[in-house]
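S.K.: Chains as they are written, first to last, in the numbering used here: chain A, 1 to 395; chain B, 1 to 367.
Because the hints were derived from the structure by calculation, they are not lab data.
Keep in mind that the hints are not guaranteed to be accurate.
[Unchecked claim] Some chain A residues well away from chain B (every beta-carbon gap over 10 Å; in silico):
#	residue
1	M1
2	N23
3	M72
4	G108
5	M206
6	V231
7	I265
8	R285
9	Q286
10	Q290
11	L347
12	G385
13	V388
14	L389
[Claimed, not checked] Chain B is faced by these chain A residues, among others (derived, beta-carbon under 8 Å):
#	residue
15	D2
16	F216
17	N236
Fair warning: this is a prediction, and the values are worked out from it, not measured in the lab.
C-beta atoms are modelled at their ideal positions from N, C-alpha and C, and glycine is treated no differently.
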Amino acid sequence: MDLNLTPEDLAFRDEFRAWLQANVPKDRAEWREKPLEESFPYLRAWQRKLHEGGWAAVSWPKEYGGRGATLMQQAMFWEEMARLEAPPMANALGLGLIGPTIIAYGTGAQKKRFIPKILSAEEIWCQGFSEPNAGSDLAALQTEARLEDGHYIVNGQKVWTSYGWVGDWCELVVRTDPTAPKHKGLTVLLVDMKSPGVAVRPLRQMTGESEFNEIFLRDVHVPAENVLGKVNDGWNVAVSTLMHERGAYGARLILIFKRNINRLIELSRVTEHNGRPASQDPVLRQKLAQCYAEVEIMRLNQLRAFSRITAAGAPGPEGSIQKLFWSELNQRLQQLAQELLGPYGQLAGGDARAIDKGIWSYGYLRSRGNTIEAGTSEVQRNIIGHFVLGLPRSY
Amino acid sequence: MQFGLNENQEFLRDSARKFFAGECPIAEVRRLMETDTAFDAKLWAKLAEQGYTGIIFPEELGGVGLGIVELILLMEEAGRALLPGPFFSSVVMAGALVDALATKDQKKKHLAPICRGERRSTVAFLEAEGSWDLADVRLTAIDDRLQGEKLFVPDAAVADWILVVARNGVFLVDSKAPGIRVEPMHGMDLTRKLYSLQFDNTPAEKLGETTALSRPRAIATAALAAEMVGGMHRTLDITVEYAKTRKQFGKPIGIFQAVQHQCADMYLETESARSAVYYAAWALEHHAPDAAAAVSIAKLYASDASRTVSNRGIQVHGGMGFTWENDLHLYYRRAKASETMFGDATFHRERLARLTIDVEALSAQRA
Chain A
1 MDLNLTPEDL
11 AFRDEFRAWL
21 QANVPKDRAE
31 WREKPLEESF
41 PYLRAWQRKL
51 HEGGWAAVSW
61 PKEYGGRGAT
71 LMQQAMFWEE
81 MARLEAPPMA
91 NALGLGLIGP
101 TIIAYGTGAQ
111 KKRFIPKILS
121 AEEIWCQGFS
131 EPNAGSDLAA
141 LQTEARLEDG
151 HYIVNGQKVW
161 TSYGWVGDWC
171 ELVVRTDPTA
181 PKHKGLTVLL
191 VDMKSPGVAV
201 RPLRQMTGES
211 EFNEIFLRDV
221 HVPAENVLGK
231 VNDGWNVAVS
241 TLMHERGAYG
251 ARLILIFKRN
261 INRLIELSRV
271 TEHNGRPASQ
281 DPVLRQKLAQ
291 CYAEVEIMRL
301 NQLRAFSRIT
311 AAGAPGPEGS
321 IQKLFWSELN
331 QRLQQLAQEL
341 LGPYGQLAGG
351 DARAIDKGIW
361 SYGYLRSRGN
371 TIEAGTSEVQ
381 RNIIGHFVLG
391 LPRSY
Chain B
1 MQFGLNENQE
11 FLRDSARKFF
21 AGECPIAEVR
31 RLMETDTAFD
41 AKLWAKLAEQ
51 GYTGIIFPEE
61 LGGVGLGIVE
71 LILLMEEAGR
81 ALLPGPFFSS
91 VVMAGALVDA
101 LATKDQKKKH
111 LAPICRGERR
121 STVAFLEAEG
131 SWDLADVRLT
141 AIDDRLQGEK
151 LFVPDAAVAD
161 WILVVARNGV
171 FLVDSKAPGI
181 RVEPMHGMDL
191 TRKLYSLQFD
201 NTPAEKLGET
211 TALSRPRAIA
221 TAALAAEMVG
231 GMHRTLDITV
241 EYAKTRKQFG
251 KPIGIFQAVQ
261 HQCADMYLET
271 ESARSAVYYA
281 AWALEHHAPD
291 AAAAVSIAKL
301 YASDASRTVS
311 NRGIQVHGGM
321 GFTWENDLHL
331 YYRRAKASET
341 MFGDATFHRE
351 RLARLTIDVE
361 ALSAQRA
């Protein structure tokens with residue numbers, strides 16, 4: 001056990017910190033104020049800048065434009081980004097999930113065709129996985145693809161597609177063999193979203209925004225060379241993408257959670273409860289301390305998972321622990337914020353009396369989705385039960 | 001950065017697990033818990049032979065000179081085995097205390113024999129109020145004599161020396177000194193016996209000031225949390241094994257999600273407690289500025305988690321879990337006793353609040 005940073009880690013952090021300080025946009029507070037549609041070109045330009053500095057995909061191998069960064073260095077990258085409140089990159093799914101899957105499963109031609117434009121944000125990627133009748137039971141998906149004259153003809157519907165409205169390309173999971181068992185008849189296609197027959201509709205969520213889309217596919221022609229991995233081996237390709245989703249995503253959340261609990265502690269000093277600052281209320285002190293402890297444990301769990309993944313060489317089911325932990329913790333944290341702020345907690349951004357421009361009202365609503373998106377808490381517990389503890393499969 | 005164990009640490013953990021499995025199987029735990037003191041001289045001699053009684057103490061005193069992380073790994077295995085008797089009280093509580101505040105001569109006299117396994121000691125802290133806050137200690141030594149009462153003292157009947165925390169210092173009392181009365185208190189944990197101590201003009205030797213208590217106390221708290229993690233992991237293992245083999249409705253009960261999810265939560269809580277404990281050990285070893293907070297985080301999380309894990313374990317076992325014959329209640333009892341020892345979750349949340357919420361604390365940290 002050695003929790004000191006290595007000289008390589010320190011050098012990595014110092015180099016990025018210096019670069020970021022010099023290059024992070026000065027007007028970065030403003031993009032958040034605008035709807036995502038308006039700020040998207042700004043996020044694209046920001047990613048391009050990171051890419052020019054060689055910082056867009058630090059986790060990727062050097063030969064594909066990354067830096068071959070260790071997991072610890074990846075965590076430091078996100079910490080530095082969060083510390084300076086740098087905007088996110090436009091092509092989050094391309095960089096975080098789909099690029100790594102193409103690197104792992106793609107042909108030489110596919111890598112050459114897609115990877116550079118993922119890095120430069122020239123082509124934005126979205127993920128076509130869930131369907132109206134295939135959520136937790138992803139392998140039950142029904143969107144079908146038939147091979148005809150060198151093209152797959154795709155018909156079906158996808159839902160909960162992030163970045164669908166701006167996506168140039170989609171990692172689409174389809175059924176290519178309806179006679180095979182459900183996990184065995186799937187294939188992943190790389191689909192041009194500008195193809196005839198693709199229709200995208202916004203999906204309004206309970207926060208009032210539309211982060212996600214529905215995608216309708218009617219006789220969409222996809223060239224056979226756009227199969228990622230092997231035909232009918234799509235389940236393994238898709239799972240590889242999901243592993244990245246469950247593993248890496250938690251790392252960047254830690255700093256956000258730290259910032260939120262520290263902000264709540266600050267607010268507790270200036271918020272009156274029963275005639276004294278909330279920070280002196282014995283019950284709220286207990287809850288703040290518990291939340292502080294859990295955010296710290298989330299960080300420590302992450303560090304231990306990094307060491308295990310590094311030793312094992314690939315992300316495994318420990319991502320499920322992280323997902324379960326952070327999603328439920330965020331709901332507790334947001335509830336604590338509401339309790340602390342009392343009637344003010346509900347005020348949304350537009351209200352002059354809203355605390356912190358309404359982030360706590362939004363955060364409370366948004367956190368409700370945390371235990372559902374990227375695999376429900378129930379599915380994560382199934383994964384731990386079966387893959388970690390070796391209990392028999394329940395379904 | 002490497003938050004896993006190195007080869008030596010893995011070796012220590014594995015050999016400790018093997019040692020406890022061989023020398024202190026659960027049948028032996030059950031035999032000892034039925035005795036008055038839960039102490040066995042032969043087992044103690046073997047612990048000393050392994051070097052465990054001197055694990056973190058300097059080699060010139062007959063110790064092994066290992067670090068806090070190694071101590072934590074050993075405690076985890078001791079907790080897994082539900083090791084009965086005075087190992088924690090004598091080596092960790094008392095040993096670390098003497099090591100922290102005694103003079104060189106006092107250490108030679110009172111720590112070296114503990115390292116060698118020849119003598120045992122314990123620490124008397126709690127009084128009638130039952131508070132783990134040092135400010136609540138009332139007992140005061142006058143002219144190196146003690147008059148009054150200490151409660152919930154672990155393993156006092158098999159201790160040669162008792163370290164008494166008083167308002168005006170930490171005092172060493174010979175357990176055979178005049179005016180001392182040791183009586184059993186009947187606690188829930190049958191494997192770690194508790195005693196009340198009455199002092200009537202009992203002679204005591206001052207070891208040092210109470211200001212030096214914080215580090216040995218932090219070490220003992222982290223070590224106890226590690227022991228709790230070991231117990232949690234054993235409870236999880238027993239429960240998962242049972243869920244795989246016990247059949248109802250024609251199927252192993254582990255196939256039902258209601259059962260699986262209990263086990264998944266046990267796993268999550270056990271691993272999270274372990275992360276917190278390992279970090280606390282590392283922070284103490286390296287005198288990190290957040291060591292005190294890390295110890296409180298470890299103890300508050302382990303206190304709640306060991307209770308819920310042992311609850312879930314028994315629940316999954318159904319009626320079998322409620323029997324005397326099943327071993328889970330032994331872990332359940334230990335979990336409850338350890339939950340309050342050195343402060344429960346509420347106590348440590350308040351300590352953490354003082355370190356993180358109170359403005360004075362923050363500005364002091366920055367200064």
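S.K.: A separate judgement is required for each hint: does it hold in the structure or not?
M.R.: Checked hints:
1. With a cut of 10 Å on Cβ distances, A:M1 falls inside the contact zone with chain B, its closest approach being about 5 Å.
2. Consistency note on A:N23: stated as away from chain B, and its beta-carbon is indeed over 10 Å from all of that chain's, at 26 Å minimum.
3. With 10 Å as the threshold on Cβ separation, the claim that A:M72 sits away from chain B is violated: the shortest Cβ distance comes to roughly 5 Å.
4. No beta-carbon of chain B is positioned within 10 Å of the beta-carbon of A:G108; the least distance is around 35 Å.
5. Annotated as non-interface, A:M206 keeps its C-beta farther than 10 Å from every C-beta of chain B; the closest such distance is 25 Å.
6. Distance check on A:V231: its Cβ is at least 33 Å (rounded) from any Cβ of chain B, clearing the 10 Å threshold; non-interface status holds.
7. A cut-off of 10 Å between C-beta atoms contradicts the statement that A:I265 is not in contact with chain B; the least separation is 5 Å.
8. Listed as outside the interface, A:R285 is inconsistent with that label: its C-beta sits roughly 4 Å from the nearest C-beta of chain B, within the 10 Å cut-off.
9. Not every CB of chain B is more than 10 Å from the CB of A:Q286 (nearest about 5 Å), against its label as outside the interface.
10. Against chain B, the non-interface label of A:Q290 is violated: not every CB pair exceeds 10 Å, the least being about 6 Å.
11. No beta-carbon of chain B is positioned within 10 Å of the beta-carbon of A:L347; the least distance is around 24 Å.
12. Interface exclusion of A:G385 from chain B breaks down, the closest Cβ pair being 3 Å apart, not more than 10 Å.
13. Separation of A:V388 from chain B is inadequate, the least Cβ-Cβ distance of about 6 Å not exceeding the 10 Å criterion.
14. Not every C-beta of chain B lies more than 10 Å from that of A:L389, the closest at about 5 Å, which undercuts listing it as non-interface.
15. Interface restraint check: A:D2 against chain B, minimum CB-CB distance 5 Å, threshold 8 Å, status holds.
16. A cut of 8 Å between beta carbons decides the hint on A:F216: the least distance to chain B is about 33 Å, and the hint is violated.
17. Given the 8 Å rule on beta carbons, the hint for A:N236 is violated: about 24 Å separates it from the nearest Cβ of chain B.
Checked against the numbered hints above, the structure breaks hints 1, 3, 7, 8, 9, 10, 12, 13, 14, 16 and 17 and satisfies the rest.
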